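Undergrad: As you go down the protein sequences, you meet chains A and B in turn. Under our numbering, the first residue of the first sequence carries the number 1, and numbering increases by one thereafter. Under our numbering, the first residue of the second sequence carries the number 1001, and numbering increases by one thereafter.
Since the hints were derived computationally from the structure, they do not count as laboratory data. The structure presented is a predicted model; accordingly, all values stated were derived computationally and were not measured. There may be inaccurate statements among the hints.
Dumping the calculated EDC-like pairs for lysine to aspartate or glutamate here, alpha-carbon to alpha-carbon at most 20 Å [stated by the list, open to error]:
#, chain 1, residue 1, chain 2, residue 2
1, A, K154, A, E220
2, A, K144, A, D161
3, B, K1004, A, D3
4, B, K1159, B, E1083
5, A, K235, A, E218
6, B, K1033, B, D1069
7, A, K201, A, D161
8, A, K141, A, D121
9, A, K269, A, E230
10, A, K95, B, E1043
11, A, K65, A, D158
12, B, K1159, B, E1125
13, A, K95, B, E1125
14, A, K268, A, E220
15, A, K9, B, D1031
16, B, K1012, B, E1039
17, B, K1056, A, D52
18, B, K1056, B, E1072
19, A, K9, B, E1083
20, A, K269, A, D246
21, A, K201, A, E221
22, B, K1056, A, E58
23, B, K1056, B, E1125
24, B, K1056, A, D3
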Amino acid sequence: MADNLIIAKNVEEAVALKDGSSLFLAGGTEVNRLDSPCCASTLISLGRMGLDGLSVCEETVDCCKGPKKGRFLKLGAMCTFQELIDCEDVPQFLKEACRFMSSRTKRNMATIGGNIGAARDDSYLIPTLIAASCAVELNCKGKKHVYGIGRYLKEKKDYPDSLIEAVLIPLNGAEVLSKRYANTAASHAAVTVSVSLLDGKVRVGAAVKNAGVRRLVEFEELINAGKGTEEELIKAAYGLDMPISDDMFGSEKYKRYILGVTVSDLVKKAQGGKK
Amino acid sequence: MDAKISFKLNGKNVSITTDPLRRLLDILRDDFKLTGVKEGCSEGECGACSVLLNGKIVTSCIIPIGAVDGQEVMTIEGVSATEGGKIIVEAFADGGAVQCGFCIPGMVIAAYYLLSNNPNPTDDEIRLGISGNICRCTGYDLIVESIKLAAERGEKIWKK
């Protein structure tokens, strides 16, 4: 439970105020909910800073494998899920991921930046953003960085006080297919998988409850090497180096099996769609 | 530390000096005695505490009052006093949409928000419109039918 709420007037103020004892408050659907794991003495509200614009830009993104230049749709981090669904310029695959949050009321509050910042292991958006090779624009104590989402997730702990200002969606025509498995529309998902296909190359992102969310390079290598049959992907899922465990959302075996089968199904569907 | 927070509540300017981290839900119920807004899950899922914040439906259980400073809030008390709100309330009663009634203030807010933005919704659009509101009694069918009834009865109002 926080002791203090500060309404930041602008990005500079928000970033200057952030330290180890505080948290940024975006839509509030994560930070304010009952039994939220978020813990801070001060909440810094981002609601008045206007980070909700949409534009097209050229940008150089720092990815794990080095800088990459491209054209992007730039979404302000405070865009809500419902605003993204209602906006004509937002790609369908991102709208689909936003609809994974089944409550329209919550979608009026939850923001794209907040969902990435929370980085939940059943994240609605991150698997899709990984598969689509998206990037985030960070403000680290006044210094701007543009990181690929994979690199951001990997190095997130090195930038604890950074603010996500925008999310960049590549305008490369990639199609992304996603699937989410949960007991009910409002439940936490056991497994969420996203697959993209661009220039014959497959990219896979996944969130597994209580195991984490990340890019599945192991699957991509198999598929791109022509070894992505359903049996091979199920085998790869059983051998995947991810701390998947039995819990109330499903057994370890179930989650690994579903992961393998779903990647296989989505790749087949993506490849079928391109023919 | 307490702060003075001013906002518009059901069309009237109000102010309160309080801890800015207190929930909007608690302020409405305990300080302004607007008990139509209900506490259900406290995590933004059930929609019993729905209100309109700057015209958009949100759950008041996860909004700190400090974030409401300078904004506009409309509760079920405000909505049910409008022409459209009255039509929805009557349609819910006539359509048999109410059983225990706990979710109904939130459902009425959701219906008002839906019909204000989409005067002639399909069944699917109604179900999407109330997707943030959980009812454990009715099975939703009679609520959907009642919202359709409200759309018909208030045709001229919603299309304004």
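Undergrad: Which numbered hints are broken by the structure, listed smallest first?
TA: Structure breaks hints 7, 8, 10, 15, 16, 19, 20, 22, 24.
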